[in-house]
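In terms of UniProt numbering, the sequence shown opens at residue 1 and continues consecutively.
The hints are simulated quantities; they were obtained by calculation from the structure and are not laboratory data. Among the hints, erroneous ones may be present.
[To be verified] Under the rule of at most 30 Å between Cα atoms (straight-line distance), these lysine-lysine pairs were calculated in the DSS-like manner:
#1 K150 <-> K185
#2 K182 <-> K15
#3 K3 <-> K32
#4 K32 <-> K72
#5 K89 <-> K72
#6 K190 <-> K42
#7 K3 <-> K185
#8 K181 <-> K207
#9 K42 <-> K182
#10 K44 <-> K33
#11 K156 <-> K182
#12 K33 <-> K17
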Amino acid sequence: MFKDNDFVYIDYVSKIKDTGEVIDTTIEEEAKKANIYDPEKKYKPLLVIIGEHRVLEGLEEALRNFNEGEQKEIEIPPSKAYGERDPSKVKLVSLGELKRQGINPRPNMVIRLAEGGYATVKSVSGGRVILDLNHPYAGKTIIYNVKVVKVLKDEKEKIQALVERWFGENNKMTFELTEDKKSVKFEVPKDYFLLEDLQTRKYVLAKDIITFVLPESVVSFVENYNKETFK
């Protein structure tokens, strides 16, 4: 049984109940079997922090009743998956309007809208295009086959997991945690000094550590510059 702020790693295969179509997985073999393999994607267990709400509501709720090493199949209704279908989100637009945006729509194509968000092209006919702004899986019941493969209990392990989330699995970040657990000090490698989003990554990493691991800690980042830095 898990509670808020518990760190768990899960493997899963998710599919649409009605059709059995596999839509996502953390397991490379399963992706290949389902013909959804993406060579650009790294297949590995997913970090879920209970209470963070980064995964489907129904999945997170179900995980609270798992134990480490346990595997279950769970069924998630639309209301706790990708939402119910909303007929008001089906819109009719002119073909010319989309072409002016550089879009040549075709049925089942997913397009990015000028005002933000995405839509699926349902049909193109007579200079008119029907767009569906619902999520492609809206109204669908989703089946998850889930296994909790690992649970993190040590604060250092949790911090390292968050570092990997924001700086990648093979990052060069190092940190020190004081004995009283009041201070987490990172040393930023010089390779990262010119990262365009470095400040954002530091901010969200510090926020996650304080929110989910050590609420009373001070998180700091040290950047050491010397003549070698500029060679």
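Check your understanding: Straight-line Cα separation of K32 and K72 no greater than 30 Å?
Key -> holds (22 Å)
Review point. Regarding the pair K190 and K42, is the alpha-carbon distance no greater than 30 Å?
Key: holds (26 Å)
Check your understanding: For the pair supplied as a hint, K33 and K17, is the alpha-carbon distance within the 30 Å limit?
Key -> Cα-Cα ~18 Å, so holds.
**Study point:** K3 paired with K185 [C-alpha distance capped at 30 Å]
**Key:** holds (27 Å)
Check your understanding: Within a Cα-Cα threshold of 30 Å, do K156 and K182 meet the stated pairing?
Key -> It holds: about 13 Å lies between the C-alpha atoms, which stays within 30 Å.
Review point. For the pair supplied as a hint, K42 and K182, is the alpha-carbon distance within the 30 Å limit?
Key: Status violated; Cα separation ~34 Å.
Check your understanding: K89 and K72: Cα distance at most 30 Å?
Key -> violated (34 Å)
Practice item. With a cut-off of 30 Å on the C-alpha distance, tell me whether K44 and K33 pass. Key: holds (16 Å)
**Study point:** Pair hint outcome, K150 versus K185 [Cα-Cα no greater than 30 Å]
**Key:** holds (26 Å)
**Study point:** Restraint status (C-alpha distance of K3 to K32 at most 30 Å)
**Key:** At roughly 34 Å apart (the allowed maximum being 30 Å), K32 and K3 break the hint.
Review point. Under the criterion that the straight-line Cα-Cα distance not exceed 30 Å, is the pair K181, K207 satisfied?
Key: holds (16 Å)
Exercise for review: Assess, step by step, whether the Cα of K182 is no farther than 30 Å from the Cα of K15, and give holds or violated.
Suggested key: Not OK: K182 and K15 at ~43 Å, beyond 30 Å, violated.
When each numbered hint is compared with the structure, violations occur for hints 2, 3, 5, 9.
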